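Number of protein chains: 2
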Amino acid sequence: METVRGVARGNRKAISRAITMLEDDLPGSRSVYSGLYRMAGSSFVVGVTGAPGAGKSTLVNCLVREYRSKGEKVGVIAVDPSSPLSGGALLGDRVRMLDHAQDKGVFIRSVASRGSGGGLSRATRKVVVALDAAKYGVIFIETVGAGQTELDVMKVADTTLVVLMPQAGDEVQAIKAGLMETGDIFVMNKSDLEGADRAALQIAPFIRERDGWRPPVIKTVARSCIGTAELVASIQAHRKRLGQSRKKDSQRALDEVKDALRHMTESLTNGAGRDREMARVLPLVEKRDMDPDTAAETIIGRLLGGRPARRG
Amino acid sequence: METVRGVARGNRKAISRAITMLEDDLPGSRSVYSGLYRMAGSSFVVGVTGAPGAGKSTLVNCLVREYRSKGEKVGVIAVDPSSPLSGGALLGDRVRMLDHAQDKGVFIRSVASRGSGGGLSRATRKVVVALDAAKYGVIFIETVGAGQTELDVMKVADTTLVVLMPQAGDEVQAIKAGLMETGDIFVMNKSDLEGADRAALQIAPFIRERDGWRPPVIKTVARSCIGTAELVASIQAHRKRLGQSRKKDSQRALDEVKDALRHMTESLTNGAGRDREMARVLPLVEKRDMDPDTAAETIIGRLLGGRPARRG
Chain A
1 METVRGVARG
11 NRKAISRAIT
21 MLEDDLPGSR
31 SVYSGLYRMA
41 GSSFVVGVTG
51 APGAGKSTLV
61 NCLVREYRSK
71 GEKVGVIAVD
81 PSSPLSGGAL
91 LGDRVRMLDH
101 AQDKGVFIRS
111 VASRGSGGGL
121 SRATRKVVVA
131 LDAAKYGVIF
141 IETVGAGQTE
151 LDVMKVADTT
161 LVVLMPQAGD
171 EVQAIKAGLM
181 ETGDIFVMNK
191 SDLEGADRAA
201 LQIAPFIRER
211 DGWRPPVIKT
221 VARSCIGTAE
231 LVASIQAHRK
241 RLGQSRKKDS
251 QRALDEVKDA
261 LRHMTESLTN
271 GAGRDREMAR
281 VLPLVEKRDM
291 DPDTAAETII
301 GRLLGGRPAR
311 RG
Chain B
1 METVRGVARG
11 NRKAISRAIT
21 MLEDDLPGSR
31 SVYSGLYRMA
41 GSSFVVGVTG
51 APGAGKSTLV
61 NCLVREYRSK
71 GEKVGVIAVD
81 PSSPLSGGAL
91 LGDRVRMLDH
101 AQDKGVFIRS
111 VASRGSGGGL
121 SRATRKVVVA
131 LDAAKYGVIF
141 IETVGAGQTE
151 LDVMKVADTT
161 LVVLMPQAGD
171 EVQAIKAGLM
181 ETGDIFVMNK
191 SDLEGADRAA
201 LQIAPFIRER
211 DGWRPPVIKT
221 VARSCIGTAE
231 LVASIQAHRK
241 RLGQSRKKDS
251 QRALDEVKDA
261 LRHMTESLTN
271 GAGRDREMAR
281 VLPLVEKRDM
291 DPDTAAETII
301 GRLLGGRPAR
311 RG
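Note that the protein sequences, when read in sequence, are chains A and B. Just so we're aligned: 125 in my numbering is position 125 of the first sequence, and the numbers increase by one with no gaps anywhere. Just so we're aligned: 260 in my numbering is position 260 of the second sequence, and the numbers increase by one with no gaps anywhere.
Be careful, since some hints might not be right.
Since copy identity is lost for identical chains, a pair holds within one copy or between any two.
Pairs of lysine to aspartate or glutamate residues, derived as EDC-like cross-links and limited to a Cα-Cα distance of at most 16 Å, are as follows [as the list claims (entries may be wrong)]:
1) Lys258 with Glu286
2) Lys104 with Glu72
3) Lys287 with Asp255
4) Lys70 with Glu230
5) Lys248 with Glu286
6) Lys287 with Asp249
7) Lys258 with Asp275
8) Lys70 with Asp103
9) Lys155 with Glu181
10) Lys219 with Glu194
11) Lys240 with Asp158
I should point out that these hints are in silico values taken from the structure, not numbers from a laboratory. This structure is a prediction, so every number in the text was calculated from the model and none was measured.
Starting from the given sequences, assemble the full structure and let the hints guide the process.
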């Protein structure tokens, strides 16, 4: 299909079109997704989370520069659970900050909430698949804050950076918010500020080794891209470690299918489509021309398949 | 089909077999349910709820006698959300109390929880449909207690009796537990005990008129079947009132289809069947031979229809 071929060639318009199709569930999106999914699987996905103001965007800006200097094509996905809109339109200040907006080797896209929390990680996964199929070798997922929804989105990442800063009480918040279990690498940004060493020491006892990897704490000053080469080295070390494990692909597959199942079943019990199909069958049930189980199957069949599911 | 015809003839073995088929979702149960559902719709369903010890079983015993004396065939469904078992086996003390165990015009069946609360009202509805199709003109649904699960089951009833007793602080509990919104008729049982009049007075201000019906408070002494003729008169008055409204059938259809949808979608995201189907598709997703959406649709299709649902 033309869109899939365009994405494979790295055509930016085709990538944008594909993402919009997937997000809006437009006709043909299923076969586009299927085609892209088969081509994907070689990108490395880095999640960047942490409280607002910790300097995540500035840090991503530096990391993009580091990876571009190695010749990698880089994708950036800006996730904003608080916004009801989606698509390329609302990148906002975060993305305008990037030096790379004109760089053809960088693709920037925002993903916003359309109501459901589960939908956000699903939408993020779909953008990852599109950029992955287009051979963006490293993909950053950056969140606005670090709420539960955003931590869920981090499951999409291979390596998760938790960005903290001194003086903000960030270390206490991080310990409270479950960020310590999320991070594969901790970044103490703005480490030129007073208290950086103390803050790093405070979180250290809460960092636990997982699967043979002990998350390091890397000090950076993202404003000047200080420490970001060391951060990249740490990311690459974690990537290498993951590459030695077969667990990653099966965990990803499980998460993705569960997300898809959850999304589909939610659409069965809520939403306009459900109500419309319900209105079609209820008069039959009311007159006892159809039993409720058959009615429910008919609704599910129409919502999922365009025709009623039947029992063998 | 033979089972459906047997139920239509009122054959007790056929009714038992049909109920077991529906409860255990045995092969052929779908067409049995469909057949029974078409024949059903003429029975009147009376729910009886209230705290344990209020005398619900004894009261139902009297009510069965009243309706039998009018020549009605009567069904009794004993709902026990605390028991993990189901089927005719565990009727227990409640049903042994009934004078009517040998009466061919009375059919007694218990319904127990199989884990899910939603499943209990669904299971109860199915037993109602079977007894309704077998022309049991009045069906009592009796609960053990009055928890939220049991109040949900009361939605299956046309008329709900809330049974209280004096001295137990029942009136306060009833007001707390949302029983006041559930009852179409309040029964102050054991009204020969001291404080019955005061207890009746205490609940009166909390009783609200709904759809032009003001729930009465009827005093009974179920141990001696005192007041139960008056109670039957009140039930019949409520039945007549309902018969004047067209709302009942559409509300029932809506509740039934929602129950069926909920049950089916729960089976999609939980349970052994889900895990089995998941295990079949995950290796394909892991190897990227199948995308997660197609995998989820395949799982749903297999669980619901024996073959994959497809998008038109």
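Hints, one by one, checked against the model:
1. Lys258 with Glu286: between (35 Å within a copy, 13 Å between copies)
2. Lys104 with Glu72: Intra 11 Å, inter 82 Å, cutoff 16 Å: intra-copy only.
3. Lys287 with Asp255: Classified as between; 14 Å across copies, 42 Å inside a copy.
4. Lys70 with Glu230: within (14 Å within a copy, 89 Å between copies)
5. Lys248 with Glu286: between (50 Å within a copy, 9 Å between copies)
6. Lys287 with Asp249: For Lys287 and Asp249, only the inter-copy Cα distance (8 Å) is at most 16 Å; the intra-copy one is 50 Å.
7. Lys258 with Asp275: between (24 Å within a copy, 11 Å between copies)
8. Lys70 with Asp103: So Lys70 and Asp103 pass the 16 Å test inside one copy only (14 Å; across, 87 Å).
9. Lys155 with Glu181: This pair counts as within: shortest intra-copy Cα distance 12 Å, inter-copy 44 Å.
10. Lys219 with Glu194: So Lys219 and Glu194 pass the 16 Å test inside one copy only (13 Å; across, 77 Å).
11. Lys240 with Asp158: within (11 Å within a copy, 65 Å between copies)
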